[in-house]
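Chains as they are written, first to last, in the UniProt record's numbering: chain A, 1 to 334; chain B, 1 to 334.
Be a bit skeptical, because a hint or two may be false.
Given that identical chains are not distinguished, each listed pair holds provided it fits within a single copy or across any two copies.
[To be verified] For lysine-lysine, the following BS3-like pairs were computed, each having C-alpha atoms within a straight-line distance of at most 25 Å:
1. Lys133 - Lys278
2. Lys278 - Lys3
3. Lys276 - Lys107
4. Lys103 - Lys118
5. Lys309 - Lys191
6. Lys203 - Lys59
7. Lys133 - Lys59
8. Lys14 - Lys156
9. Lys26 - Lys122
10. Lys107 - Lys242
11. Lys103 - Lys203
Hint data in this document are derived by calculation from the structure and do not stem from the laboratory.
Protein chains: 2
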Amino acid sequence: MEKIVMLRHGDGGKHTNLLIRDIFYKHFHNDILVNSLDASIFEVNQERLAFTTDSFVVKPLVFPGGDIGKLAVSGTINDLVTAGARPLYLSCSFIIEEGFDMKLLEKIAASMGETCRKAGVKIITGDTKVVEKGAVDGVFINTSGIGVVQAAYQPKAIQEGDQIIITGGIAQHGTTISVERYGIKVEGNIKSDCGPLNHIFEKLQPYMGSIKLMKDPTRGGLATALNEILEVSGSEIQLLEKAIPIAGEVKSINELLGLDPLYHACEGRMIIVVDKQKAGEILEEVRRCEDCEDAAIIGSFAPTGLSPKVVMETVIGGRRIVGSLEGNMLPRIC
Amino acid sequence: MEKIVMLRHGDGGKHTNLLIRDIFYKHFHNDILVNSLDASIFEVNQERLAFTTDSFVVKPLVFPGGDIGKLAVSGTINDLVTAGARPLYLSCSFIIEEGFDMKLLEKIAASMGETCRKAGVKIITGDTKVVEKGAVDGVFINTSGIGVVQAAYQPKAIQEGDQIIITGGIAQHGTTISVERYGIKVEGNIKSDCGPLNHIFEKLQPYMGSIKLMKDPTRGGLATALNEILEVSGSEIQLLEKAIPIAGEVKSINELLGLDPLYHACEGRMIIVVDKQKAGEILEEVRRCEDCEDAAIIGSFAPTGLSPKVVMETVIGGRRIVGSLEGNMLPRIC
Chain A
1 MEKIVMLRHG DGGKHTNLLI RDIFYKHFHN DILVNSLDAS IFEVNQERLA FTTDSFVVKP
61 LVFPGGDIGK LAVSGTINDL VTAGARPLYL SCSFIIEEGF DMKLLEKIAA SMGETCRKAG
121 VKIITGDTKV VEKGAVDGVF INTSGIGVVQ AAYQPKAIQE GDQIIITGGI AQHGTTISVE
181 RYGIKVEGNI KSDCGPLNHI FEKLQPYMGS IKLMKDPTRG GLATALNEIL EVSGSEIQLL
241 EKAIPIAGEV KSINELLGLD PLYHACEGRM IIVVDKQKAG EILEEVRRCE DCEDAAIIGS
301 FAPTGLSPKV VMETVIGGRR IVGSLEGNML PRIC
Chain B
1 MEKIVMLRHG DGGKHTNLLI RDIFYKHFHN DILVNSLDAS IFEVNQERLA FTTDSFVVKP
61 LVFPGGDIGK LAVSGTINDL VTAGARPLYL SCSFIIEEGF DMKLLEKIAA SMGETCRKAG
121 VKIITGDTKV VEKGAVDGVF INTSGIGVVQ AAYQPKAIQE GDQIIITGGI AQHGTTISVE
181 RYGIKVEGNI KSDCGPLNHI FEKLQPYMGS IKLMKDPTRG GLATALNEIL EVSGSEIQLL
241 EKAIPIAGEV KSINELLGLD PLYHACEGRM IIVVDKQKAG EILEEVRRCE DCEDAAIIGS
301 FAPTGLSPKV VMETVIGGRR IVGSLEGNML PRIC
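Same shape as in the complex, but just chain A (with noise of 0.2 Å):
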């Protein structure tokens, strides 16, 4: 272990697991907490809920397709989805450094409130802190939600053959936010993917005995969503580089930069692994959800026996093998 925290400690990837396992984890130690994933599951009175929490200190605060309060909200309702949980309530609690421009806190609020009311959920309980100029730049927002459990994905029932979907062009948030930073002058519109996914789940509600599994590729991107399914599921994922739906100007942007897309986060995009039969009835459901024409089957699930590997047979037919992410991506995306 480290001396010191990195910024790689947060990036999503490898050392932000280590991080959770070495400290977090060992101090915290209870059943709930080393099974869950972005959320957790409890049952009161015969009712399975799910809770989840999210800490967002994106930089800028007000991006190309969104901003702080959209993402704050959007990315818990996701997290609860991910569970099989229809979210419910949320909490929201913000971190305002002294100074800070009364309108654009006020901006932010209304598209947490309009994001709410879009995704049909309820900022329930909230808190304020207000700390002196420097001690947190700008504001930070943390999120925590409650949703009913509605489907028991079974992850661990994943087998060979099975489909994977992601719902919409990758890396767009990961991008945008690149482009903000860098200060780049770009042409096209490209805008962050970030919004809630909670319609999706309703659409596929016909459909959930034959969805093993959801998860939305946030930090660390499609290829660390990915290689974590792999730790439930154990057998490897065949990945189509030319099936992965990513606009022109996203790939563009990312050559240019010399980073990988696989590794940007999506911030509206849902990973959802189907049986082989339903696939394409499933995926024909999803196109036809809001902002999820480009929604596409990208993968599937090797016989088992393989090592637990994303390989992807890239566009020019070679193969690669697709790790969690390891290096520094840009810190502060979510």
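Using the hints provided, position chain B relative to the given structure of chain A.
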């Protein structure tokens, strides 16, 4: 409304309430939110649950009697208790500054784990963000909490003669932080009262029918908390200064600093409003709880018809109206 956010918007007093009303309630508006106090109550499958959130930004991170971790766990547990709920589960989200000492992080996590075990609650979900040096001052922690509502307090049934109990000496947390921040050399054993209070809640279960309200006097102190109770009860509170438990050292330091202990945060005390007939019995029960030997009845509700204000009979026999916190107390007390 001011054009920028000021430190006083975070002091837990009038300005915080204005900010919440004019910005957050406006945009997040829903029945549960606007009717809630420190925690919100919602129903799932005929079970009433409480939900609360708090971000902790205290400076220094470690202080006599506790640290930011103990404070974060205790504060959220105590907010659930004020909603009549038995705390069950917490979330925990860290925002950490790059370069933060890993050993100190582990010390804070260990303190959280220990406080959880003592209180019988579990941290079941979490999040970790790391931001670049200078973007946050050390570490900030959000804890959100869920509990099962056990008691339906009846604040609207508060009536003439109802007694007000405080579970121990006031102003210890706020004074301890002031001493640390101003770097005052103090003889004696001044330390924060910070700690979880659900053991008192459990002990008082047989008396729940006689308890009208519980409220923890954190930011803004006893004075502000009592004024918030007025908003619900609508009748005058008569406070007896000589009955308010306060350690001699705490009193002296505040005289030295020119600060009023009535406005200093407690982080391990509860205000309990009880029926007159049961007040003595409940007080005895409270005094038998850990760290509650100084619990006392400090006042009562006057006949209805008087305007809702807090009036204190001072030690020299005068009458003083005690308002909500309006001025600037120390920021980052919790």
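Against the structure, the hints:
1. Lys133 - Lys278: Neither way: Lys133 and Lys278 sit 55 Å apart in one copy and 49 Å across, limit 25 Å.
2. Lys278 - Lys3: Answer is neither: 50 Å inside a copy and 55 Å across each miss the 25 Å cutoff.
3. Lys276 - Lys107: neither (44 Å within a copy, 48 Å between copies)
4. Lys103 - Lys118: within (22 Å within a copy, 43 Å between copies)
5. Lys309 - Lys191: neither (31 Å within a copy, 53 Å between copies)
6. Lys203 - Lys59: Classified as neither; 33 Å inside a copy, 47 Å across copies.
7. Lys133 - Lys59: Both: 17 Å inside a copy, 14 Å across copies.
8. Lys14 - Lys156: The answer is within: 22 Å in one copy meets 25 Å, while 53 Å across copies does not.
9. Lys26 - Lys122: This pair counts as between: shortest inter-copy Cα distance 13 Å, intra-copy 34 Å.
10. Lys107 - Lys242: For Lys107 and Lys242, neither the intra-copy (39 Å) nor the inter-copy (48 Å) Cα distance is at most 25 Å.
11. Lys103 - Lys203: For Lys103 and Lys203, neither the intra-copy (36 Å) nor the inter-copy (47 Å) Cα distance is at most 25 Å.
In summary, the structure is inconsistent with hints 1, 2, 3, 5, 6, 10, 11 from the numbered list given earlier, while agreeing with the others.
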